[in-house]
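Colleague: Protein chains in written order, with the numbering used here: chain D, 1 to 492; chain P, 1 to 279.
Since the hints were derived computationally from the structure, they do not count as laboratory data.
Backbone N, C-alpha and C fix where the C-beta goes; we use that ideal spot for every residue, glycine too.
Please note that a few of the clues may not be correct.
Claimed, not checked - The list that follows gives simulated cross-link-like pairs (lysine-lysine, DSS-like), each with its CA atoms no further than 30 Å apart:
id, chain 1, residue 1, chain 2, residue 2
1, D, Lys303, P, Lys27
2, P, Lys7, P, Lys27
3, P, Lys273, P, Lys234
4, D, Lys303, D, Lys313
5, P, Lys7, D, Lys303
6, D, Lys313, D, Lys220
7, D, Lys73, D, Lys134
8, P, Lys151, P, Lys165
9, D, Lys313, P, Lys234
What the hints assert, rightly or not - From chain P, some residues computed to sit far from chain D (all C-beta separations above 12 Å):
id, residue
10, Asp80
11, Ile154
12, Arg174
13, Leu203
14, Asp249
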Amino acid sequence: MSSVDDAAVPLGGAPDAAMPTPAEKPRHKASRAPRTAMQEQPAAERAQNFEEVSLGYTQEQAIAEANRCLQCKNATCIDGCPVNIDIKSFIGHIIDGEYALGVEVLKERNALPAVCGRVCPQEEQCEVRCVLAKKGESVAIGRLERWLGDFDLACEIDHRCVPVVAPPSGYRCAVVGSGPAGLACAGELARQGHEVTMFESLHAPGGVLTYGIPEFRLPKAIVQAEIEMISQMGVSIECDVVVGASITVDELLAEEGFDAVFVGNGAGLPVFMGIPGENLNGVYSANEYLTRVNLMHAYDFPKADTPVWRGRKVAVVGGGNVAMDAARTALRLGAEEVFLVYRRTADEMPARREEAHHAQEEGVEFKMLCSPLEIRGHDGFVTGIVATRMELGDADASGRRAPVCVLDSDFVIECDTVIMAVGTRANPLLSQAAPDLELTSRGYIVTSEDGATSMPGVFAGGDIVTGAATVILAMGAGKRAARAMNSWLRDR
Amino acid sequence: MFEIIHKRQLSDSVYEVGVMAPRIARKVRAGQFLIVRTGPEGERVPFTFSDWSPQEGWVRFIFMRVGKTTHELAHLEVGDTLADVVGPLGVPTHTEDVGRVAVIGGGVGAAVAYPVARAMVAAGNEVTVILGARNEELLILRDEFEALGLKELIVMTDDGSAGEKGLVTAPLKRLAAEGLLDHAMAIGPAIMMKFCAATAKELGVSCTVSLNPIMVDGTGMCGACRVTVGGETKFGCVDGPDFDGWVVDFEELMSRQRIYSDVEREADADFSKGCSCHL
Ligand SMILES: Cc1cc2nc3c(=O)[nH]c(=O)nc-3n(C[C@H](O)[C@H](O)[C@H](O)COP(=O)(O)OP(=O)(O)OC[C@H]3O[C@@H](n4cnc5c(N)ncnc54)[C@H](O)[C@@H]3O)c2cc1C
Ligand SMILES: Cc1cc2nc3c(=O)[nH]c(=O)nc-3n(C[C@H](O)[C@H](O)[C@H](O)COP(=O)(O)OP(=O)(O)OC[C@H]3O[C@@H](n4cnc5c(N)ncnc54)[C@H](O)[C@@H]3O)c2cc1C
Ligand code: SF4
Ligand code: SF4
Ligand code: FES
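Extracted from the complex, chain D is given alone in its bound form:
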């Protein structure tokens, strides 16, 4: 790997080579204080607005929390992070007050720390592997990451930690999709000196970070700032280009003169349950509901032109982050009652615990162990869900106990809006127009470990390879693919 590869230097000045890394210093004396709480907007208040729920640490709080870290010799936390951020080291830099160095450590592995610090499922990744977790409460790694990410974003753009860009390589790369996978890939390619154009089918970049995850969990200004940074590095972003329709992958290579292509188009096709009544007015996919609100600003209708059906009683079907986001959005749009309908119990819900907790605090009512059979309506509009009660049976292949219907337990949940958050699949729009791209039986792109697809010069990563996963995994995949693309281009 070349030396620029891992260099991320704040423009404010290069790091002092003589300074000992935190690891070389004598171990600091860790504080025994409990995990530092993060301030939040009170539940009743925040359920009425779209502003961010968690307010983040102050500098004092960040220092206090960092000082709980033991700076372990064997920092097991690092193994828990999907991209192996040197957690011990970035926390060490906070302890030392060397914040810019901390940012640099984060950015070696993670292009979007302010985003991941907010949305990573830390409790099952880095934090669960922290040695303190065994004895009680882990170090709040995510919150510290967020704090450093915000510290960086608070600087004027030209004082931020901008990665050093290598001299122009003469190669041109196309990146399809501007979600976390595409952003990370584009950033890394730019850093290696390639000329990068990112193509996005929607009218705004960011992928799920823009159209899916709501403002109250991930402020759009942060996403915007990260995208600006990518532009600052020389990446050009073309929105309104649907690859597979406006242009094909083959044409990008053969006609538009790109030397390599990265495909990070996500897994955005919404799944419905296939039950009667699903096409009644008032039934939404979570994708549609969240897109109308986040991307099209339907909360501001009629100032913004796109409307959304504002239900009084809203039932959200599902138990993941997407379901939580939809339910909490419905509350903020003025719903009187919001139900979460999930077929297992709260313990099995795939949503981050913190999000489920926040949703409940705000007043979302969890209806566990029940599953919709039919949606009823009157005059074309939803009036309720007929659901059946479920119980947990034997463990299935995944080790989770499978829900089974309880006979004759049907009941009605009255509601005027139903939001289906039961998963997404691969969208065939791009792949249909790329017959040489090898796909799995379910339409996901087949790649080698480093992201190479069956088409020479075409790489892929993120949800379109793994199925719906997480922001950090998508970013990791984008970055890994960029490195493989770099080698592929230079060895050609």
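The hints should help you fit chain P with the ligands onto chain D, whose structure is shown.
Modeller: Showing chain P with the ligands alone in chain D's frame:
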């Protein structure tokens, strides 16, 4: 930003607009649509391509002023810009080897019928076009259709002010009964397509319809455009917009088209109040 390079008023409330969009112009085929946004808070609204030039890099669409966005569009002039133009979207209309075909365009549906009829003529089919409108004023593109080299152009108006008085289903019935039709293609308001498809079915003539459900992204990502066809849920934007009219659930389509009617009417009224024009 996409520059408007052409504008023409076709009737009281129908306009044609052309924009520069070279990448899109290279790809369009008859029956496909584009999505436009007028500005930063604009809605994403779909329109069918009415014409395009791959050489000159422009595309055109024809729209009827029905609500806020189309009102705004009607005010734009050559030299103004659209914030976004996306496309070409949807599956192109099947135009090869159709045989003897009736293309039926109702109201602003004539705009969609025009490129379809043109492509069908070019592919060597025997094409009859049936145009329907409430009255002569609302009849659009008549000369353009005349110039296509059709087998016949039949005009129907509700009040008899142009062509024959009556519904588009009358000539459809006649042609089918005479055994002169292999296929029908109906494009227009849902209610018209419903009756055309029912008539065609009665007479045993296959019938394609071009559906216009409410859309957001137009790329298969939201499901707003769900339609039921043959008992199965399809996404209008990526599986269509053309479907087998015999098995489309038109009642559901019409119901779903109305979901935002009330609030949109208010938004439009609000907008029109602040607008000094008489559109
Ligand atoms: C509501 C919601 C909440 C979530 N919450 C969390 C969370 O809290 N924590 C977490 O880690 N993960 C969360 N996730 C999952 C996470 O967001 C995704 O795993 C991640 O965004 C995947 O990144 P990606 O780059 O692969 O795809 P995406 O983010 O989906 O981006 C793909 C981009 O490609 C564009 N595109 C698609 N097709 C084309 C085409 N043909 N041509 C051009 N562009 C195209 C899309 O418009 C989009 O912008 C959530 C997801 C959702 C939907
Ligand atoms: C595939 C397709 C092709 C179309 N082609 C044409 C065309 O060539 N010429 C033409 O005049 N019209 C066409 N339409 C209809 C056109 O999109 C609507 O007339 C337009 O969106 C109205 O917007 P508005 O803001 O002016 O009116 P609004 O007041 O917002 O709505 C009026 C009515 O238009 C429909 N509508 C509203 N928003 C949308 C939306 N986002 N997507 C689809 N329909 C909507 C609804 O039924 C609504 O009740 C097409 C629609 C589709 C789906
Ligand atoms: S990226 Fe996510 S998993 Fe990795 S250290 Fe940061 S919060 Fe933990
Ligand atoms: S395991 Fe926990 S205590 Fe140890 S270095 Fe990592 S964060 Fe600090
Ligand atoms: S318009 Fe969103 S899926 Fe068709």
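Colleague: Now, for every hint given, state plainly whether the structure supports it.
Modeller: Going through the hints against the structure:
no. : hint                   : result
1   : D:Lys303 with P:Lys27  : 34 Å, violated
2   : P:Lys7 with P:Lys27    : 22 Å, holds
3   : P:Lys273 with P:Lys234 : 38 Å, violated
4   : D:Lys303 with D:Lys313 : 25 Å, holds
5   : P:Lys7 with D:Lys303   : 27 Å, holds
6   : D:Lys313 with D:Lys220 : 28 Å, holds
7   : D:Lys73 with D:Lys134  : 16 Å, holds
8   : P:Lys151 with P:Lys165 : 21 Å, holds
9   : D:Lys313 with P:Lys234 : 27 Å, holds
10  : Asp80                  : 17 Å, holds
11  : Ile154                 : 34 Å, holds
12  : Arg174                 : 35 Å, holds
13  : Leu203                 : 29 Å, holds
14  : Asp249                 : 8 Å, violated
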